[in-house]
Amino acid sequence: MKKEKLLELYRMMLLIRRFEERTAQMYGLQKIGGFCHLYIGQEAVAVGTVAALRDDDYFIAAYRDHGHILAKGGDPKAVMAELFGKAGGVSKGKGGSMHLFDVAKGFYGGHGIVAGQIPVATGMAFAAKYRGEDRVTVCSMGEGTVHQGAFHESLNLASLWKLPVIYLIENNRYGMGTPLERASAVWDLSQKACSYDMARATVDGMDVLKVHEVMAEAVERARKLSEPSLIEARTYRFRGHSMSDPVHSHYRTKDEVEEQKTHDPLLKFQSYLLEKKYINEDQIKAYEDEIKTIVKESVDFAENSPEPALEAIYEDVYVE
Amino acid sequence: MAEITFREALNQAMAEEMERDANVFLMGEEVGYYQGAYKVSQGLLERFGPKRVIDTPIAELGFAGLGIGAAQVGLRPIIEFMTWNFSILAMDQIVNNAAKLRYMSGGALKIPVVFRGASGAAHQLGAQHSQSLEAWYCNVPGLIVMAPSTPKDAKGMLKSAIRDDNPVIFIESEVAYGYKGEVPEGEYLVPIGVGDVKRTGKDVTIIAWSKMIHVALEAANMLAQEGIEAEVIDPRTLRPLDEQLLLTSIEKTNRCVIVEEGWPYAGVGAEISHRIYQNAFDHLDAPILRVTSEDVPMPYAKNLEQAVIPSAPKVAAAAKKVLYI
Ligand SMILES: Cc1ncc(C[n+]2csc(CCOP(=O)(O)OP(=O)(O)O)c2C)c(N)n1
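From first to last, the protein sequence lines are chains W and P.
So the first sequence is numbered by this note's numbering: it starts at 1 and just counts up by one.
So the second sequence is numbered by this note's numbering: it starts at 1 and just counts up by one.
Check each hint, because a few of them may be wrong.
[Claimed, not checked] Calculated pairs, DSS-like style, for lysine-lysine (alpha carbon to alpha carbon, straight line, at most 25 Å):
#1 K39/P <-> K252/P
#2 K296/W <-> K321/P
#3 K254/W <-> K3/W
#4 K31/W <-> K180/P
#5 K77/W <-> K302/P
#6 K39/P <-> K254/W
[Said to hold, decoys possible] Interface residues of chain W toward chain P, partial, derived using beta-carbon atoms under 10 Å:
#7 L29
#8 I32
#9 K86
#10 V114
#11 A115
#12 G144
#13 H250
#14 Y251
#15 D255
#16 P308
The hints are simulated quantities; they were obtained by calculation from the structure and are not laboratory data.
Ideal Cβ positions, reconstructed from N, Cα and C, are used throughout, including at glycine.
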């Protein structure tokens, strides 16, 4: 990968991290409500994945979606305004944190029902193939999601009909307070692909370059051969399941979280770039400054954006 | 009488019934180690062990159906949906199996299962997490549907639900879990199909259930300041309905408002008003009014959400309208 592209990935990971740190603060100030799930710790997965995509490829995700929409090119201002429930938000204040959409950028949400996005992703891939396009669809999900029927039905359809879709399991080890081993009969989740004779891979989700590499292969397989893949990225969430949950409690120890933080994907990538001399401390500072401004402007924009008008309640229920 | 929260009342009901009958067990997402997503099952794992307090993977259709199968061969499962929104994934099992197996088998089977969990809008949870689905379940013959409004009712009703031999849909309100109320010492049951008068009054009947009882009572207080005495009726069980209790009140007040957190179209209130029109038409001095959520998916923005769900001022205004004030 070229140096410029590497730096772009770094910048995006940094943006997502700082954006979400600010999101947490704004939640604390009650500027943001509802369920709000932070992606902190998992940034390498979305950023590495999107780096392997074209702008016109489709991406669809679950409710932990701030990182995905930003990586796919969503405007931080409009994303923050959505979190604030303002008219200037990406979903006009109707969706909130769990339901971010930016169709122009190929980002189709933001889904709150565990596994609800998976059949929908399969349909987007079906449509691309139907129309003879070479677009690829990526469907992100947590590891807690793969026990739903929707997952299995979708994988079979995609394999049976050779659909250009990539199912991406972001295995952060816990579905709320349930560790993988208490929810899954198998540890190696990519094995699920075997039942459907589908290509599969497991990748270190804390390493943005490795994610990119594995994804690039899957994208090629989808684009050139119209074949699906199942990719498991092993990652970790540094924060609680949502803003209303503790970082650690009954289900994981503080020590475990601290240990995992030594694999911080952002710091890991930063060290790599420093080592390779692609970046120096001054440049890091410059990125931090630039991103600080972007995040500040997002909050200002969200603050100043008007509340949705009450008439909006009955708008967009149907196509008029 | 002790004052406890709604969640504690439910917790006591489950613990007492599990103590009483070894066939009763609790299964659902995060009910054990995590102590329940809303802490309703707090301490039950420690008390009854992992054989009887069982954490499931996220697989609603699977574990709801498992509960039905276990029930038809003699166990008495309590299946918790983290929220009723997720029961939609399990509807096939509930509607096609739980509700119909007894009938289709000519009475050979009974399905003593309780499906319970949190329902309704909380605070800005958005369209997929803010639904009140009691109307869906009330539509299905073979199901019992209960929706308590106070800790006392919650405990007595859940115990009855667990002891009943039919599948019971037991709907709790997410925001009411922290509400406190007096609960009698010792064993008591609130029977299925029996409603309750939550406030007596002579001028207008307000029918509500679950969290909406509290909205109705707040509206009644507002009305009282203007000299209007509202009677607030809680059917408690929505299927079968305590029709007589409703009709007796209407015969006294001659006016009726129905408050429902769900959507208006084919809502539970539509059925209730139909029954009142059919059986007490001559007693009514005004058409029945319904206060429901607006007929839209729930928006996220705070100002929109507040405008969508029923509120005390809306209920008070409806009451005045049926009084032609
Ligand atoms: C069908 C359904 N059941 C339950 C929930 C409640 N819930 C929300 S997130 C979650 C855990 C999901 O874990 P995972 O898929 O691993 O994703 P992560 O949150 O770790 O990103 C649960 C149980 C839901 N939203 N939808």
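To see whether the hints hold, each was checked on the structure:
1. Simply put, K39/P and K252/P have alpha-carbon atoms about 42 Å apart, too far for the 25 Å limit, and the pair is violated.
2. The hinted pair formed by K296/W and K321/P fails the criterion: a straight-line CA distance of about 49 Å is larger than 25 Å.
3. For the hint linking K254/W to K3/W, the alpha-carbon distance of about 37 Å lies beyond 25 Å, and the restraint is violated.
4. For a cut-off of 25 Å, the pair hint linking K31/W to K180/P is broken: about 28 Å separates their Cα positions.
5. Distance hint between K77/W and K302/P is fulfilled; the C-alpha atoms sit about 19 Å from each other, no more than 25 Å.
6. Only pairs whose Cα atoms come within 25 Å are accepted, and K39/P paired with K254/W is accepted, the gap being roughly 22 Å.
7. A cut of 10 Å between beta carbons decides the hint on L29/W: the least distance to chain P is about 14 Å, and the hint is violated.
8. Because the smallest distance between the Cβ of I32/W and any Cβ of chain P comes to about 9 Å, under 10 Å, the interface hint for this residue holds.
9. Interface restraint check: K86/W against chain P, minimum CB-CB distance 7 Å, threshold 10 Å, status holds.
10. Interface restraint check for V114/W: the shortest CB-CB distance to chain P comes to about 5 Å, inside 10 Å, so the restraint holds.
11. The interface hint given for A115/W holds, since its Cβ lies 8 Å from the closest Cβ of chain P, which is under the 10 Å cut-off.
12. Among the interface hints, the one on G144/W holds; its C-beta lies about 5 Å from the nearest C-beta in chain P, closer than the 10 Å criterion.
13. At a threshold of 10 Å, the smallest CB-CB gap from H250/W to chain P is about 5 Å, leaving the interface hint in force.
14. Using the Cβ-Cβ criterion of 10 Å, the hint placing Y251/W at the interface with chain P is satisfied: the shortest such distance is roughly 6 Å.
15. Given hint, D255/W at the interface with chain P, is violated; its Cβ is 18 Å from that chain's nearest Cβ, farther than 10 Å.
16. Hint status for P308/W relative to chain P: holds, with the closest Cβ pair at about 5 Å, below 10 Å.
The structure is inconsistent with the numbered hints 1, 2, 3, 4, 7 and 15, although it conforms to all the rest.
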